[in-house]
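There are 2 protein chains.
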Amino acid sequence: MTAAKREAGKEAQSRTGKMKLEVYADRMSQPSRAVIIFCKVNGIDYTERKVDISKREHLTPEFAEINPMKQLPAIVDGNFKLFESHSILIYLACAFPGVADHWYPANLFKRSKMHSVLYWHHSNLRRAADTYVTNTTILPALGHPSNQQAAAEAEKLLFSSLSKIESFWLKGDGPFLLGRNQPSIADLSLVCELMQLEVLDEKDRERFLGPYKKVQQWIKRTRNATSPHFDNVHNILMKVKEKLKNKPLMEANHGGALDIQKRLRSRI
Amino acid sequence: MTAAKREAGKEAQSRTGKMKLEVYADRMSQPSRAVIIFCKVNGIDYTERKVDISKREHLTPEFAEINPMKQLPAIVDGNFKLFESHSILIYLACAFPGVADHWYPANLFKRSKMHSVLYWHHSNLRRAADTYVTNTTILPALGHPSNQQAAAEAEKLLFSSLSKIESFWLKGDGPFLLGRNQPSIADLSLVCELMQLEVLDEKDRERFLGPYKKVQQWIKRTRNATSPHFDNVHNILMKVKEKLKNKPLMEANHGGALDIQKRLRSRI
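Keeping their order, the protein sequence lines are chains A and B.
Residue 1 is where the first sequence starts when you use the UniProt record's numbering, and the numbers rise one by one after that.
Residue 1 is where the second sequence starts when you use the UniProt record's numbering, and the numbers rise one by one after that.
Any given hint could be a false lead.
If several chains are the same, the list does not tell them apart, and a pair holds so long as it fits within one copy or across any two.
DSSO-like mimics (lysine-lysine), calculated; alpha carbons at most 27 Å apart, straight line [said to hold, decoys possible]:
1) K110 with K40
2) K156 with K70
3) K55 with K70
4) K203 with K20
5) K20 with K241
6) K70 with K220
7) K239 with K164
8) K110 with K20
9) K164 with K40
10) K40 with K203
11) K241 with K203
12) K55 with K220
13) K245 with K110
14) K70 with K164
15) K241 with K110
16) K245 with K220
17) K70 with K245
18) K241 with K55
19) K164 with K20
20) K70 with K214
21) K110 with K156
22) K55 with K203
23) K110 with K203
24) K239 with K110
25) K171 with K241
None of these hints come from the bench; they were simulated from the model.
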């Protein structure tokens with residue numbers, strides 16, 4: 001055990017006697033799913049507090065007490081409150097001694113590379129996927145005007161992001177990001193992001209993912225490495241996907257699809 | 001000294017005998033400036049390798065060997081290459097034992113809060129300021145079409161980001177982010193981002209910053225805490241600001257202003 005891990009262990013010991021960890025989440029939000037899957041895979045004892053985005057519960061004064069940014073996910077661990085999913089994943093990996101090193105390595109060089117993936121994610125894949133899905137699927141389904149220029153720019157960024165994952169982040173010998181042999185918080189976070197593309201029209205999704213064989217294999221590997229939790233936590237997204245298949249989005253401006261679409265809007 | 005800091009110290013010792021740290025940067029890029037100022041303030045011995053964005057040097061095959069994402073800044077420390085400015089700042093704070101703890105605290109809880117500021121920055125202040133400056137100032141000056149809808153959305157996000165800094169991130173007793181008494185890498189990174197607004201029309205800049213008194217004081221404090229390096233490193237930006245005053249951007253589609261504006265485009 002490295003000194004950094006021991007340090008984390010000591011911090012974790014200060015958790016003894018605290019209330020159980022609380023995770024505020026909506027499973028329709030991709031970073032919420034990443035945090036929930038991480039807790040389940042690592043046997044972290046937690047209580048899931050559902051904040052229903054479709055009911056605008058994330059905008060209530062009560063939730064603002066948990067996260068003033070009114071975004072999901074957020075955690076409360078005793079007196080300690082935290083938001084931003086990557087920060088939460090790093091905290092959990094350090095604060096709970098049972099989490100294996102491969103999720104967030106203690107070694108400075110490996111850890112720094114992982115930070116670069118996580119920051120890259122925010123400015124590239126997340127920005128692209130979120131903007132594209134919002135402007136091509138969510139806003140039209142809600143009957144709201146969408147920004148087609150933003151969608152076109154997001155499409156370019158999404159292709160470029162997938163290409164970078166395929167040719168750079170997955171280029172090492174190992175099957176996971178950065179050529180590692182076991183999954184990290186970066187694999188989990190980025191794969192949960194890509195799962196959001198499931199709500200797109202099937203042909204459109206295939207247009208994005210089809211050319212990237214390594215990306216497809218990596219999604220499967222991350223799913224397998226976190227089985228059965230990955231599928232269980234994505235269950236609600238897959239149900240929505242099935243419903244949308246039978247109710248094309250562009251025609252679904254009212255009724256049930258509206259609620260479904262509100263739920264698609266994730267925040268962090 | 002905490003165990004985590006000792007661990008960082010050990011990693012740092014493995015640097016002994018390495019080539020001097022190399023920082024690839026263009027001082028017209030806000031994250032490049034943050035990394036350079038950090039090195040100077042902390043007495044880190046480094047060589048600055050200028051990558052001139054206006055000459056598209058960041059797009060050359062030679063620079064792709066340093067950073068395949070073709071973005072600035074990037075560092076090379078011996079055999080170790082790293083990009084994404086927040087990752088670089090965290091690495092430098094951990095790898096160089098002379099860096100005081102307040103820049104990136106070893107304590108897990110303090111460190112986690114700092115991560116949440118840094119990730120928030122990417123999805124909010126950076127995204128807003130970059131999109132706004134690009135679409136209102138850079139693209140028009142280059143004679144390229146700009147996305148006015150994107151600019152309008154960025155304007156809203158920029159006001160909202162400034163409001164969040166004023167009312168939440170600066171709400172503690174201390175004069176810096178998270179109520180701390182001394183500056184961190186988050187202060188440096190966010191303030192360098194806001195300095196990019198200097199290239200806006202003076203009235204427009206005042207429209208954004210005027211309402212936020214704590215933000216204005218915090219910018220001054222961060223500048224003072226990193227004096228004289230802060231002003232020295234921002235010198236080139238201030239020269240551009242002066243030139244632009246005499247050559248309104250909307251009329252400057254050709255000639256010298258074009259080169260100046262190309263230099264404004266930063267990447268990470």
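Next on the checklist: Check the structure against each numbered hint from earlier and tell me which ones fail, lowest number first.
Outcome noted: 4, 5, 6, 7, 9, 10, 12, 13, 15, 17, 19, 21, 22, 23, 24, 25
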